[in-house]
Structures are given as structure tokens and as C-alpha cells.
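Engineer: Residue strings, one per chain:
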Amino acid sequence: MSFPWANQYKPSNAFTSWLDEKLPLPRFVYNAIGGGYPVPRNLNYAWNFGVLAGFCLVLQIVTGVTLAMHYAANAGVAFDSVEHIMRDVNWGWLMRYGHANGASAFFVVVYIHIFRGFFYSSYKAPREMIWLLGVVIFLLMMATAFMGYVLPWGQMSFWGAKVITGLFSAIPLVGEPLQQWLLGGFAPDDAALNRFYALHFLLPFVIAGVIILHIWALHIPGSSNPTGIEIKTESDTVPFHPYYTAKDGFGLGIFLLIYCAVLFFFPNALGHPDNYIPANPLSTPAHIVPEWYFWPFYAILRAFTADFLFIPAKLMGVLAMFSAILVWFFLPWLDTSPVRSGHFRPLFRKFYWLLVIDVLVLGYCGGSPAETKYVLISQIGATYYFLHFLVILPIVSSIEKPQPLPFSITDHVLGTDAKTVAA
Amino acid sequence: MADGAIIDGADSTDAGVRRRDFIHIAALSLGGVGGLAALVPLIAQMSASDDVLAESSTEIDISAIAAGQAIKTIWRKQPVFVRNLTPAEVAAAQSVDATKLRDPQSLADRTKPGKANWLITMGVCTHLGCVPLGAGQGEVKGEFGGYFCPCHGSIYDTAARIRKGPAPKNLEVPPYVFSSDTVVKIG
Ligand code: HEM
Ligand code: FES
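Chains A and B are the protein sequences, given in the same order. Going by numbering that gives the first Met the number 0, the letters in the first sequence line up with residues 0 to 422, in that order. Going by numbering that gives the first Met the number 0, the letters in the second sequence line up with residues 0 to 186, in that order.
Chain B with its partners taken away, still in its complex shape (with noise of 0.2 Å):
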């Protein structure tokens, strides 16, 4: 009988494979699979599900928003930053040697072409997700003008990016367009 071939009959003692041999792999291999497969659902349930991911795009009229002022907005269910910048605070920004920086990135990288003053972040520390101080009036901007985050004391310049503190990143700018002068559309 050729070498690893089914033998008929469980319990022949012969070399080769025993047909009850190949039943248990082929069976336990299978039910493996099953389980293996059985997970996918189980972990993916766990994930957003579609009426969370449903972006829900923002409209925000900034035409109020004069130099120096911010507002708070929300976008998937977290704040947003809309923060006109005084020219005096557009100049520290790019006085920086961007490549110096802990998360490299001009004021320029940041903001949309013609409209460097409009610095629009998501307000959520890149540390773990405290909502960073300064948007709001009257709150501590922290050493370097822009944004401080009183969880564990991260600093961010007035181009939202990351000085000093934990934090490995700067804060996050969300997809947005100007669908006119006064109006951002977020998402």
C-alpha cells in the first residue's frame, strides 16, 4: 500500500494514514475554523456601529468670531476648536522652526491656503482626550499662547501644536472645507 494512503477499516494497525486519523483532523480543523470565524462578529460588533460612522457633517457660521476669540463646536460627538487668530498670534506661530517640533508641522500645514488666521483643531488632547483650556473666554491659554490642558499639563503653541507636556501630537485638524467666507463645513 502506497505511503500515506487512506486505509480502509478504523483500526488498521498498517503504516500509512488511518481513516480515523484523517476524521479527527479533518473534524477538529474544521470545528477550528468554525470557531476562529465565529469570532469576527463577536469582535466586530464592538466596533462604532453605523449610525456612529453616519459623519454628520457640521456648518458653523464663524462670521462672528472676531480676532482673538474661538468658539467650541461639536463634531462626532467631540468638541471642536474654531479659533480666529490675532496677527500678532499668526507671527509667533511662524516665527517656530517647525522642524524642531516634537510633531513637525507649519502653521501653513495646519490651516487652508489665504486663511492662516482660522486655525480649526479638534479640541481633544492628543494625550488622552481631555478637552485642552483656551478656546473659552477667560480661560488659561498656557505658556506659549495657545491651548493648555489641565489633565496633565500639556502645552500647545497658537498653532495648536504640541510644545510641551505628554502629549505626543499636535492637535488634530479635521477634514473641512470654506464653503464661503463665513461659513466651515466640518467633515
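Chain A extracted, bound-state conformation (with noise of 0.2 Å):
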């Protein structure tokens, strides 16, 4: 938001004079992501994750297009292409390690991301915008991943690109139809290799697209915080240079450190080892499972296992698994209470924690073999998950009585004027 104490941009010699004249770049970025921009003073090390996720897709785009320039997208070659990357291309190693960990990293940081968003009850009005592109970069995000693992064209690759297209044949009617035209054929070869390249290759920039929409919409009402209460004064704000800017880095650094530790230590950790088996398509790996941050999904796709009411199982499972993710778009209007932020809210808080619980648990699920005990325990918890976001939200924010706010994000921080003179 164009506050009206919001420092002014002024060119500092005669070449940043003309360029604003000729093209305002640096002002866009001082206004942006510079002094130009104030900024709650108070926010937590729980802002930090867009600018990890940020930093995030540079290095997915950075480490990918090197990939790309040794990679080669056909069945029969593209596992040997990804082996030669990591054998003979000096430091392939690093840039595919780099590649697949930066994924999970990625992963890691949009789920605290977040995970933010719904303790502070981010997706509220006026930010219903922001939470809504942020689904649907989430959703880009999983195509991408998806398609990405598919390249290396292991036994997972291979049986994943069947599995998750194999989904789509659950629609009544045209579902079989459907999955030969995504595959451009009747099962994962040349062609849906090829397609998903493409895709892969193209999607991270129409993600880069939404952030630059998912930003400019954050910069109408300017960024919550962790009281949830509305910026007043001057005094509520700081400027992102070169206040959030050092806090933010600071963050990244701690990231990198965690990120290389994974990375040079164990960067097989999260992979699965049936990826170094060639694709093989007479032979399904006993136990095929997706990347780990799909598995909470995965368990619910997996919970439905008999047919509900008229819907086969299967349609029944792949409908919750979309449902899943789709329940978030309507988040902004489930969640009714006035107060935002959960440190406010004492039942709300309760079943913020519960759901994080529930996630947790149906993504061991997830990763588990389909056996008896792990379905039953997935139906339990897809249950809740339903429950949580369709009943619990909407009677817990029209029961629960908040705590008092702060009159301020100021008081809240130096406390009110009476402790103040008091201290």
C-alpha cells in the first residue's frame, strides 16, 4: 500500500536520473522490495518463506536450465543422459543434486509458507487475492514436480507418469480417452516424455508469472503480521530496506546452511532408490510411492477403497484428492471470525494444531505401503481433514470468543503507554 510516510525514491547521480526518466526500474524495485516499502515492524522469522520460496524458484530456474543443456528427452536414452550428467559432466553431480534436494526445499519452505497462512489467517479479507494466487502457484507446483520426476525415467518415473495420468482415467466417459491424449499414447513413452519436458521446461516461468501477481497483490494491502491487527501509524511500519531485507537474509542464510548439509551429505535422503532402476514397463516396483511432499495427498487418494453412493471408489478418491488442495480456495469465506491472527483465538489455536498433526500423519501414511492399518488410519485422517476446513473452521470462528487486541502494532510491541510510564 502507498502509505503516505513511505520514503521517496530520489535518483542519487545523472544515469539513475535519466534511467527513471527512460525506464523507472529502480524505483519500481525501491518501491517494491526497498525503503520504498514499509512493513509492519513486528513481523516473525514465519515472513521469511516467501523469500525463501522466491529464492527457491531462482535455483530450481538456475540448476534446471543447466540440466537442460545435457539432458536428453527420450526413452530410450533419458536415463543413460541423466546418468552421463552425474558421471562425466563436470560438476553434473551438483547441478542434479542441486536440482531434485532444491525441490524438496522448495516443498519444505511453500508448506511452512503456508502453514503461516493459516495460523495468522493470512487468506482474509483484504488478502483473499494474495491466498487465492498463492493456490494456484501450489498447484503449478505440484505439475511441475510431477513432471520433473518423470524425466529421469526410472521405475518411479515410469510408474508415477502411469499412476497420476492413469488418475484422470477415473472421469466417467471420456477419463480413458483422456489419459491416451495426455500421454499420446496407451502407456508413458517417447511422446509423454517428451510433452512433459516441455512442460517442465515452461511451467517455473508461468510461476514466476503468478508470484509477480501473487506481490503486487500483497502490495495493495501491504503485508499482515503477527497480531493480525491493521497498520495505523508510522511509527506500526519500518522500511523493508534495510530492515527486512538483513532479517530476510539472515533467514536465507540459515536455509543455505540446511540446504547444503542435505545436499552434500545425503542427497539420495529423499529420493527413492527404485528411480536408479531403469523404467521397465512389464514390472511395477512392489511398492511405488511419490515424492514425499505428495504423500499427504496420496494417503487420501488411497483412503477411498469402496464405492460411495453412486461414485466408484476410484473417482471417489481422486475427487478428495483435488478436493484437498481445492478446499483451500474457499478458506477466505469458511473462516468467519473478525480476528486473524492465532495467537488471539485460544480454540481456534487448538485445531490449528490438530490439522498440522493430521498432515503429519497422512503423509506417513502416504509413504507407507497400502496395507490395512495405514488405509484405515488414511480414512481416519482424511476424515478430520474434510472435517477440519468444511465443519470445525466455520463453527469454531462463530463460537470462540477471541482474547482482547492490542489497540496497536506499536502498543503491541512497546507496550502501552500506561506500562510504558510504568517501566
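Hints are supplied without guarantee of correctness; some may be wrong.
To be verified - If we take Cβ atoms under 10 Å as the criterion, some of the chain B residues that face chain A in the derived model are:
| # | residue |
| --- | --- |
| 1 | A97 |
| 2 | G113 |
| 3 | P131 |
| 4 | C150 |
| 5 | G152 |
Unchecked claim - Within a straight-line C-alpha distance of at most 20 Å, the following computed SDA-like cross-link-like pairs (lysine to any residue) qualify:
| # | chain 1 | residue 1 | chain 2 | residue 2 |
| --- | --- | --- | --- | --- |
| 6 | A | K372 | B | G152 |
| 7 | B | K184 | B | D60 |
| 8 | B | K71 | A | A285 |
| 9 | B | K71 | A | P280 |
| 10 | B | K168 | A | M315 |
Hint data in this document are derived by calculation from the structure and do not stem from the laboratory. Backbone N, C-alpha and C define an ideal beta-carbon position, used for all residues, glycine too.
Once you've looked at the hints, go ahead and assemble the two chains, each given alone in its own frame, into the complex.
Structural biologist: Spelled out as C-alpha cells, the structure:
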């Protein structure tokens, strides 16, 4: 938001003055993420993860374009070209491990970013559009990650592609032709591999575009903050630069430490060993699992084992899996409490943590074999998941009595005048 | 001037259709139709190409498959199970009331007349497309003695009909003929 007290951009020399007239890019940056953007003074590290997500996208694009210079998207040679990158290409192993673990890091960061949104109700007015665009970004990320995982053409790549495109065959009437259209054949092969490669290359740039919209929408109301109350005066804010460039920079350092520790010491810990076996259309691995970041949704997919009313089990599972994300689109209207921050919502807060546990349990089941006990736990977990959003949240927000809110952000940080005087 | 007639002169403000409005609507409609037409090749290019569709048919010699054994072969780049059922397996499949099944079909519906022991199906689970176990030596066959899909636990019986688990349909029977008593031509 253009708060009236925002610092004004002043070109510092003849060149920047000239540039400011022809193409005011420095002015744009100054107002977007520089000294000209006032931000609440009380943001905690939960607000670091948007910047970290942006960093991850850049990381993926840089390592990805590098890999693309050596990779060949042909079912006959794809697997070997990846091994060639790992063994022969100078620093190829770093690029590949960097990209694979970068995807995991991206999802860790975005999940924290999303759960920050859940806790502080960042999705509420006036920030609904930021949230909706965020869910779009997340869906695009899932599509990108899925198609990327197919590219090495190992066993998990192949069977992942088969199972996930098989989801579409659950749609009545058009399902089977749709699956064949998606794959360009009856089973994943050259046609599928090539188009997945083309789209995997394209989608991150689409994501970059939606992120621009996401941040544009963010700059209209400005960032929320841990109290959830809106900015009232200049003393509630500090300029983004240098305050949050420094804070985010420190967070980025911590992030990089963890990322590099995984990258250099456990580069395969998050991958599945079966993907080092070349794709074999005649033999399904005993236990097909997607990458860890899809596990909660995979558990919901597998939770539906019996037909439900008129809907066959297979279609039901697919609908439930997609609904698990689509329900987020309705969040701004399901949670009707006038108070945003979970800090002032005692009842909401308890259910928030239950949801976190529920998603972790679902994730654990999604990564386990399709045995009865895991399926049973997934069924309970999936039921609770939808109960949380569709029943618990609306009820809690109407019956809960929130705790009193501070008068302003400044008051919350420094204490009220009365307290300040007393101190 | 008659209502709806085209009026000369772009700026005419009289009632009726202005020439410029007409040109706008005509140009935009034609542009829209052209844009939609351009979608046809863009969408159609993703469908299976001719070489993929050229259904190379597969011939299989089944003389070496003893009762109780099965082989896996490939048709249209997908696995096919050719299984020689034992008399007990045939009897088990026939003893079920087919009308009560999820995908009601009898063993006779799924085999050729007089060849009820030759169960030829795609090796593609109708749930999400994994290859079920049960055709290979020593693989688990599941509680109905047919096939078991390890991905999400679909269980098929000795007529490869879905009996339990998430799959909606029986294993698909591909088009095939017996070229002779020992050779089957699929496709
Ligand atoms: C590639 C992924 C993403 C990037 C690069 C990104 C970037 C950002 C950045 C830089 C901010 C401002 C800093 C912050 O508040 O943390 C932000 C805010 C926000 N993001 Fe994202 N984001 C991404 C994905 C998502 C997703 C998937 C969601 C939700 C489903 C989401 C929801 C939000 C919301 C609600 C805000 C406003 C929060 C507030 O100010 O209180 N974002 N995002
Ligand atoms: S693919 Fe066979 S049970 Fe899901």
C-alpha cells in the first residue's frame, strides 16, 4: 500500500536520473522491496518464507536450465543421459542433486509459508486474492514437480507417470480417451516424456508470472503481521530495506546451511532408490510412492476403497485428493472470525495444531505401503482433514470468544503508554 | 430507412446498424472462429500419433504354457497376461454368481468358446494402471487366486474379475483370435 509516509525514491546521480525518465525500474524495485515499502515492524521469521520460496524458484531455474543443456528427453536414452550428467559432466552431480533437493527445499518452504497463512489467517480480507493466487502457485508447483520426476525415466518415474495420468481415467465417459490424450499413447513413452519435458521447462516461468501477480496483490494491503491487526500509523512500520532485507538475508543464510547439509551429505535421502532402476513397463515396483511432498494427498487418494453412493471408489479417491487442495480456495469464506491471528484465538489455535498433526499422520501413511492399517488410519485422517475445513473451522469461528486485541502494532511491541510510563 | 439496414457513413447516428459496428462484429467473430480453429491442431497433436496407433498385432505361441502357468507378453507397449487355468481355477471362476460382481461378467464372457482355460487379459490394473502380480512364477495371486495389484491392493479372481480393492473394472480382455490351437494373435 502506498502509505503516505513511505520514503520517496530519489535518483542519486545523473545516470539513475536519466534511467528514471526512460525506464523507472530502480524506482519500481525501491517501491516494491526497497526503502519505499513500509512493512509492519513486528514480522517474525514465519514471514521469511515468501522470500525463501522466491529464492528456491530462482535456484530451480538456474540448476534446471543447466541440466537441460545435457539432458535428452527420449525414452531410449533419458536414463543414460542423467547418469552421464552424474558421472561425466563437469559438476553435473552438483547440478542434479542441487535441483532434486532444491525441489524438496521448495516444498518445505512453501508448506511452512502456507501453514503460516493458516495460523495467522493471512487468507482473510483484504488479502483473499493473495491467497487464491498462492493456491494457484501451489497447484502449478505440484504439476511441475510431478513432471520433473518423470524425466530421469527410472522405475518410479515411469510408474508415477502411469499412476498419476491414470487418475484422469477415473473421470466418467471421457476418462480413458483423456488419459491417452495426455500420454499421447497407451502407456508412458517417448510422446509423454517429451511433452512432460516441454511443460516442465515452461511451467516455472508461468509460476514466476503468477508470483508477480501474488506480490502485486500483496502490495495493495501490504503484509499482515503476527498480531493480525492493521497498520495505523508510521510508527507501526519500518522500511523494507534495510530492515527486512537484513532479516530475510539472515534467514536465507540459515536456509542455505540446511540445504547444503542435505545436498552434500544426504543427497539421496529424500529420493527413492527404485528410481535408479531404468523404467520397465512390464514390472511394477512392489511399492509405488510419489515424492514425499505428495504423501498427504496420496494417502487421501488411497483412503477410498469402497464405492460411495453412486460414485465408484476410484473416482471418489481422485475427487477427494483434488478437493483436499481446492478446499483452500474457499478458506477466506469458511473462516468467518473477525480476528486474524491465532495468537488471539484460543480455540482455533488448538484445532490448528490438530490439523498440523493430521497432515503429518496422513503424510506418514501416504509414504507407507497400501496395508490395511495404513489405509484405515488414512481414512480417519482424511475424514478429519475435511471436517476441519468444512465443519470445525466455520463453527469455531462463530462460537469462539477471541482474546482482547492490542490497540496497535506499536502498542503490542512497546507496551501501552500506561505500561511504558510505569516501567 | 428500414430498421436493421446498413447505413452508409461510419458516423451515422440514426437508428439501425452502423456500418462500423457491423465491421467490428464481423471482424471479431471471424477472428474468434479462426482462433478456435487454430486450437484443433494444437489439441489434436497431443493424441497418439499414427505410429503409436499402428496396432502392431502380436502373435504368441502358447504351446509351452502348462496348466496353472502364465506368461507376460507385450501388445501396444503394454503387458498382456496369457494364462492357462487349471480345471480347479476354471471351476472356481464358474461357481461365482457373476451378476453379483462389481463388473458383472462370467468366465465365458471373457474367454473364447471351448477355450475356457485360456484367460487372456491386459496386465494393466483398471485402477491406476500398475501391472498386477500373479502371472510370474512365485508371485502372490491374492485371496481369490487370480491376480493381486500391489499398488493399492486390488484383488482379481481366476477370471481376472475385480473382487476387492479400488479398481472399478475387470482386467480388460484385448481383441484376439486363435490362429491355430497353439498360436494366438492379439490385436
Ligand atoms: C513459489 C511460491 C511462492 C512464492 C515465491 C511466494 C512469495 C511470497 C512473498 C515474497 C510474500 C511476502 C512475504 C511473506 O509474507 O512471506 C508472500 C506472501 C503471501 N503468500 Fe506467498 N509465495 C508463494 C506461494 C504461496 C502459496 C502456495 C500460498 C498459499 C496457498 C501463499 C500465500 C501467501 C499469502 C496469504 C501471503 C500474504 C501473507 C501476509 O502478508 O500475511 N504463497 N508470498
Ligand atoms: S493400480 Fe492397481 S490397485 Fe491401484
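Engineer: Tell me the hint numbers this structure goes against, listed in increasing order.
Structural biologist: 1, 2
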